[in-house]
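Engineer: Each chain, letter by letter, is given below.
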Amino acid sequence: MLYADYPLAADDDFVDFTVTLQCSGGLRRWWRRQVILGYDGANPFVPLPLDHAFPLLEWAMNWCISTQAHHVLTLHAAVLERGGRAMILPAPPGSGKSTLCAGLTSRDWRLLSDELTLLSLSDGSVVPLGRPISLKNESLAVIRQFAPDVVLNDVTHDTSKGSVSHMKVPSDQVRRLDEGARPRWVVFPKYVPDAPPTLRPRSKAESMLELGRNAFNYTLLGLTGFEVLADVVDGCDCYDFSYSRLEDAVAVFDRLVVETPP
Amino acid sequence: MSDLLSPVWAQPELRPEFSLAQWEAVLGQSRQAGLMGRLARHHVDHGWMTEVPAKPRLYLEGALRQVDRLHHELRWEIDCIHRALAPVGVPFVLLKGAAYFAADLPPKRGRLFGDIDIMVRREHLQQVESALFRAGWISDERDAYNQRYYREWMHEIPPMRHVQRGTVIDVHHTITPPTSQMCVEGEALLEHIVAVDALQDVYVLAPVDMVLHSAVHLFQEGEFERGLRDLLDLNDLVHHFESHDPDFWRQLISRAHALKLQTPLHHALFHLKRLFGTHVPPAFQGAVELLRPPWWQRRLMAMLLEAALRPVHPSCRQTGEGLARWLLYVRSHALRMPMTLLVPHLVRKAWMQRFPTKKPEDHPAAEA
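Here the protein sequences come in this chain order: P and W. Per numbering that gives the first Met the number 0, residue 0 is the first one in the first sequence, and the count goes up by one each step. Per numbering that gives the first Met the number 0, residue 0 is the first one in the second sequence, and the count goes up by one each step.
Hints are computed from structural coordinates only; laboratory data are not their basis. A few of these clues could be false.
What the hints assert, rightly or not - Output of the computed footprint for chain W on chain P, the stretches with three or more beta carbons under 8 Å from beta carbons of chain W: (1) 6–17; (2) 33–47; (3) 63–70; (4) 213–221.
Stated by the list, open to error - No more than 25 Å apart at the CA atoms, straight line, and that leaves these computed lysine to aspartate or glutamate pairs for DMTMM-like: (5) W:54 with P:4; (6) W:54 with P:122; (7) W:259 with W:246.
Note that beta-carbon positions come from the ideal geometry of N, C-alpha and C, so glycine has one too.
All chains, please: the whole structure from these sequences, using the hints.
Structural biologist: Structure follows, in structure tokens:
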């Protein structure tokens, strides 16, 4: 359902990561069935109840990328594109990043990634990942109400993150998976109940430090990582953004797009 | 598909020509064997990187970045240990990876590093442990029984982890457990240690001892995920030392007899020849044959080790591989301690695992 529109790799294409999902053996074959994730012949995660298989697959794919793709600088951030310019949304869990990302994806913004922002080491552009958006708990109802047309898969309850579902990426966006974008904005979102939307400029130095802290392989990449991140931040306007309603956020970002010179 | 890794070093001057599917497999195998950095370095050193297809090349280049970072961190870590132990003023010996790194030996190139192993005189253990503690390394092991296991029976104290950097150091007083059938007096090794340039009080083992330690470690530790990597280290060491010292082979063989490490050296040389075509010079063939254990041991171990030295990866899995690894694991324990100690120990460990006093730490959570 979520991946119906994605192109299939040819048989002789190079596959970056091969992960497998298997049922556990022994008693667990019948009783309290579990799913085990395999990667390169190892089982990097604890087995989970069988119905957690899909979220586990998504998490594991993210884990593969964030621990092994060192040809990109990987930030823990959502990233969206509009008019060839990308907006990076770094934020700790619980800040409403995914909800905001899902909301914007359903209104004129193109999803590049909801969890991992991959920055090319050669030119600092965003490498699109474009996989389904992970949504959890209250945000599910928020998105269903905000964008009734979006496709969500079955909700998995009682995961380590609570109730989880994934939102399908719109078909026209899946067709553009090869198109990267230059980062133009870095926005640190924060959901504050009942707050009016406020967009405040944030210092570049401070934004860079925070992005570095939110990166998976910033230290590993050493000087290269520093230079790529510095270039990206240099080319971006940085903001803090607090909001309570998705409609407000969409309006604020629409205005931001119009007001930002190319 | 088979083990694609060891042939790379069996014919080091021959450029491996992998299809894309083989590249997928070889990257997976090297990831599991801890050899991706070395595979990448090997391609760079021979000027073959441009011949590698673009997608696999990304991962080789990523491995080089990781190697750079780990080498940078290791240098810093050795400096930190050196500073921490300076007030004590006792010599310490870097072992294994850290030694190859500090002494600038060939296995260093492209090698990924984890924990640091050092060795000190047994009577200095307490001073060294306190000095490391003052500098921020604390023992990971909280359980009283495990603490006693290490301190009474093992050749090392429980691993110490740095509170801020999370780096781990293993402090040894010799290279094999005193309770083991192959026990080696730390003192005998310390007599021949070699100073590391530019770092006062920092030493590495003498070349022949380094080779013997690597051989013992490989066949006694019982965990073979990194077996091929260790064997490749050994291969590099042997080639390096024999080209620098014409007397190397004679010394190595006589040292193996002196330390009673004939069997591990035999197994090591057997598999160096089998996997990498590394030969003992004809003049020493006879002497090497005297290292051999009885024929049934040779046959059995050759078979088990052949299975266990394959990369652990679905692309080259063979039937019986898991059993071979398990048997070697059991054997490693049987070598470490006499049965009168081992059986009560294993019963105790099984009990501790079944009825833990505290919640064991979970695996890393599957989160992005």
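Engineer: State for each hint whether it applies.
Structural biologist: Hints, one by one, checked against the model:
no., hint, verdict
1, 6–17, "holds (count 6)"
2, 33–47, "holds (count 9)"
3, 63–70, "holds (count 5)"
4, 213–221, "holds (count 4)"
5, W:54 with P:4, "holds, 24 Å"
6, W:54 with P:122, "holds, 18 Å"
7, W:259 with W:246, "holds, 20 Å"
The structure fails none of the hints (numbered hints given earlier).
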